[in-house]
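Asker: In the order they appear, the protein sequences are chains X and Z. So the first sequence is numbered by my numbering: it starts at 1 and just counts up by one. So the second sequence is numbered by my numbering: it starts at 1 and just counts up by one.
Simulated from the structure, these hints should not be mistaken for laboratory data. All C-beta atoms, glycine included, are put in the ideal place defined by N, C-alpha and C. Be careful, since some hints might not be right.
Listed next, the stretches of chain X that the computed footprint assigns to chain Z, with coverage defined by at least 3 CB atoms under 8 angstroms from CB atoms of chain Z [claimed, not checked]:
1. 11-18
2. 96-109
3. 128-139
4. 166-176
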Amino acid sequence: MTEATRLTIETIDTVLEQVIEREADTVDLRGARFVDPHALLLLALLVLECDEAGRPLRVDWPTAPAVRRWMTAMGLFAEIGAAASSPPPRDASSALQPITAIGCEAGIGRIVEGFHHRLADRYPLTESSRRTLTAMMIELFQNIPHHSNATGRIADPHGISAMQDYEDSIFLAIADKGVGLRGSLRLRPGYEGISDAQALDRILREGLSRFSDAGRGGELKRIVGVVRSWDGAFALRSGSALLYFDEHGGDIYDVPAFPGVQLAVRLPLRRFGADG
Amino acid sequence: MHVEEFRIAQFGSRLGTRWEGERARERLESLVRSLPEEGQVRLSLHGLEVLSTSFADELVGKAYQRVVDGEFGDRTMVLETPSRELAEGVDVKLAQRRLAMLCLRDERWELIGLDTPALSETLARILDKGQTTTRELAEELGLQMNACVNRVARLAELRLVRRRKIGMKGPQDIFEIHSILEA
């Protein structure tokens with residue numbers, strides 16, 4: 001059971017804690033009045049992970065009609081292969097970019113174009129902000145084919161992404177349940193014993209990559225720099241470590257261990273300005 | 001000097017992934033190979049909206065690494081961009097690879113990637129003159145001959161100038177140095 005009324009970057013780990021650490025087989029989200037894209041993707045992956053582990057999770061979905069409509073429009077129920085009991089009519093207008101599968105690298109250009117058009121249709125972005133956001137999406141999306149199955153031992157890392165706009169911000173979430181940052185870095189000689197928190201720290205602070213080629217790595221570090229300079233919020237969760245910061249500061253936190261990498265970027269809308 | 005333009009926008013206006021960059025690099029390297037000795041590729045960013053750092057590294061960083069390593073003989077590569085912002089990804093990745101490239105914008109040049117005041121100062125003098133010698137350069141920059149030779153050697157290693165040995169003064173080689181930009 002959970003009493004959270006807001007399922008967000010800040011609260012979703014309480015749900016994971018119940019399921020992963022306390023082995024709850026039911027999650028009660030009926031009282032939820034708001035769900036952000038990061039929590040939405042983590043919920044989807046949690047349900048799929050439990051299914052694959054042979055202990056299906058029962059979720060009592062939010063009863064608030066607006067929340068249910070949004071979750072449906074975002075494609076959550078289709079994603080987890082669940083028929084939400086009496087699904088409400090799809091309200092596509094509320095969802096900026098529904099859950100989208102990120103698979104092979106060859107398809108990423110087309111997916112980024114789709115995200116770009118969704119955003120451009122709704123906002124008169126400046127040339128500069130459009131460039132920055134598009135480049136950011138390219139880098140973040142391609143991390144899934146590059147790293148989520150770096151060991152070659154994951155049947156399906158299940159890379160997904162979604163985007164939502166709010167009155168004051170744009171929220172991009174990307175998630176997979178692959179090998180995680182630690183699993184990827186451990187492939188590099190000399191880093192076999194690295195922990196989740198160390199992997200996260202070194203990737204974000206030093207631009208470390210599993211590849212020894214000097215040109216590889218540094219993309220996440222640069223994205224963190226952009227988000228900071230735009231007064232945005234950033235969450236990167238991998239294994240049992242979470243880095244979170246917003247305009248007030250941040251840190252690396254311990255969280256319940258979950259496979260893969262889940263990343264969220266929230267950018268203030270004012271930073272996007274208007275053309276002209 | 002034979003100069004060929006390579007427009008990166010031929011692959012799309014918003015680029016892109018490493019996979020896309022790798023495919024583009026095959027075309028770029030094929031063009032470099034087809035040039036006569038001392039030929040030059042002008043990599044043009046005109047027509048692009050977005051150039052990601054990954055694409056920049058896979059196309060420009062890796063190909064330029066091979067140029068600097070001497071895999072394409074005396075052929076050189078120069079970047080042309082309509083804006084500094086578009087060249088940012090190339091700049092970042094060349095610096096990461098400890099490489100430097102001449103970047104042209106609005107008929108001016110700048111060094112992108114690895115840059116130091118000493119390299120820029122020496123390069124500026126060579127590009128202004130078009131052709132010079134280490135002795136002339138040392139006098140004009142007020143440098144000891146050894147220091148000047150070292151700077152020129154570094155610029156030549158980075159394929160930012162061409163140099164030819166024209167003699168010796170005592171134990172010191174005297175070089176003729178040429179700009180890689182057409183007058």
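Asker: Look at each hint and say if it fits the structure.
Answerer: Results of checking the hints against the structure:
Evaluation of the coverage hint for the stretch 11-18 of chain X: breached, as 0 residues show C-beta separations to chain Z shorter than 8 angstroms, against a requirement of three. For the stretch 96-109 of chain X, the proposed coverage by chain Z is satisfied: 4 residues have a C-beta within less than 8 angstroms of a C-beta in that chain, meeting the threshold of three. Taking a C-beta to C-beta cut-off of 8 angstroms, the stretch 128-139 of chain X contributes 7 residues in contact with chain Z, enough for the three needed, and the coverage statement holds. With 0 residues bearing a CB less than 8 angstroms from a CB of chain Z, the stretch 166-176 of chain X misses the requirement of three and the coverage assertion fails.
Hints 1, 4, counting from the list given before, are not met by this structure.
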